[in-house]
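K.L.:
Residues per chain, in single letters:
There are 2 protein chains.
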Amino acid sequence: MSQTRSRGRRADALSKDVVVHAAVELLDEHGERGFTFKLLTERLQTGAGAVYWHVANRDELVYLAADHVIGVALTGLSAEPGADPETRLRTLALHIYDTLDRHSWAAPHVIAAVTMPNTMLLLERIGGLLTETRLPAERHFALATTIFIYLTSVTAQDTARAATAEPGVDRDAMLGEEARRWAALDPATFPFVTRIAADLGHHDDRDQFATGLDLLLDGLRAQEGR
Amino acid sequence: MSQTRSRGRRADALSKDVVVHAAVELLDEHGERGFTFKLLTERLQTGAGAVYWHVANRDELVYLAADHVIGVALTGLSAEPGADPETRLRTLALHIYDTLDRHSWAAPHVIAAVTMPNTMLLLERIGGLLTETRLPAERHFALATTIFIYLTSVTAQDTARAATAEPGVDRDAMLGEEARRWAALDPATFPFVTRIAADLGHHDDRDQFATGLDLLLDGLRAQEGR
DNA sequence: ACCTGAACACCGTTCAAGT
DNA sequence: ACCTGAACACCGTTCAAGT
Chain A
10 MSQTRSRGRR ADALSKDVVV HAAVELLDEH GERGFTFKLL TERLQTGAGA VYWHVANRDE
70 LVYLAADHVI GVALTGLSAE PGADPETRLR TLALHIYDTL DRHSWAAPHV IAAVTMPNTM
130 LLLERIGGLL TETRLPAERH FALATTIFIY LTSVTAQDTA RAATAEPGVD RDAMLGEEAR
190 RWAALDPATF PFVTRIAADL GHHDDRDQFA TGLDLLLDGL RAQEGR
Chain B
10 MSQTRSRGRR ADALSKDVVV HAAVELLDEH GERGFTFKLL TERLQTGAGA VYWHVANRDE
70 LVYLAADHVI GVALTGLSAE PGADPETRLR TLALHIYDTL DRHSWAAPHV IAAVTMPNTM
130 LLLERIGGLL TETRLPAERH FALATTIFIY LTSVTAQDTA RAATAEPGVD RDAMLGEEAR
190 RWAALDPATF PFVTRIAADL GHHDDRDQFA TGLDLLLDGL RAQEGR
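Chains A and B supply the protein sequences, listed in that same order.
Count along the first sequence from 1, add 9, and you get the number used in the working numbering.
Count along the second sequence from 1, add 9, and you get the number used in the working numbering.
Among the hints, erroneous ones may be present.
Said to hold, decoys possible - Facing chain A, from chain B, some residues (calculated, C-beta under 7 Å):
| hint | residue |
| --- | --- |
| 1 | D68 |
| 2 | Y72 |
| 3 | I120 |
| 4 | G136 |
| 5 | T155 |
| 6 | A219 |
| 7 | T220 |
| 8 | L224 |
Hints were generated in silico from the structure; no laboratory data involved.
Since the structure is predicted, the reported quantities are computational estimates derived from the model, not experimental observations.
C-beta: ideal position from N, C-alpha, C; glycine also.
Full structure from sequences and hints, please.
P.N.:
As structure tokens, this is what we get:
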């Protein structure tokens, strides 16, 4: 159809949307480092100058691509009526986590500026849920940004680490090997790490994320009680 | 003396340590993006091949530089005897935060692998403090990694954002402008964000970090009580 | 063993020229 | 207004050659 990827020129006109869409695809496929203008112009069947007509530079393009990903994630989330704000906060956070996990290049950019349109929408969602709790209004700003920052920061790191690992290597095997290295350390200087080495073997990033989130929500509830 | 920076060749021999040291300096001065082998070889008064004799590639060099920064931060922290584990955990976290704030390029690399020697020492410190609390031993692994991840992730994002901002622009002025933009949004779609817009004006990243940390520690205490 | 520095492949960006 | 594509400056890395 219109999006032919064979050699030659493209039939239809370019647009900002088309460029951003192709960027998301290629970022998913090759990661932030592997994403180049060469790949982009090949897929779009066009020249470099054409891309620069629609976006200012590479940075802006990645920025737009990241915002697009968040936008899709937010619209894809159902309302979940009836549930209390805390569980809805949890659902929202894990949903964003999963989305960014599928687009591991995006997370580091999401937080960079709360200026991104859809990032602000995310903050709005979090804040709206906080408003429904019994927490004092003057704490809302601090708590909403805390949760927002926890969500985006930790997700960014988790996905960045996942992206670093070579694709061929099995994740469980890597953790197992690392656990063995921990166990082999000197217990005199590493009493804690050697003791918990075995736990590392069945570590799961997503569980870990949820644990931290629950700890935050526990803290929230403790403050609510006062 | 030996470290002359004028043109010509260097008098003393190169070493891994010397290379890493120069890298830390240049990363501090120019950031991760601005750090190039050209700058490095100029400062070291040597050729590119010489650097490659001591380190495998750019990635390894930045990795070593980041680990070095954490090492310095950990040795520079006093024992603080007498204080309870929770306040010592807080001191440790803020100390690391401040260090990484001074080397904003380092934070994103610290978490990438818990394999870095000094990063593991940091986890050890956190775990050691947790051991002194009344929290059940089987929770130690999950909680230590939670705090570790919170510390490194949030710091990474804070410093990354600080690094993105153009050096010339005043940070307070930027926040003020952003706050005005928030206030100008449509209250129908952004009820929360418009309401808290004023708070953004006196937002401080470090305070924000501490707030989140306290929330985590509150959650910890709540679990302790059970 | 350690270093030199030219050469290479690749990258983002620009711009005169076209439609 | 939108696109082409060669040209440019710059980057990390290699490697034959030196000491």
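K.L.:
Can you give the numbers of the hints that this structure goes against, from lowest to highest?
P.N.:
When the structure is compared with the hints, numbers 1, 2 and 6 turn out to be violated.
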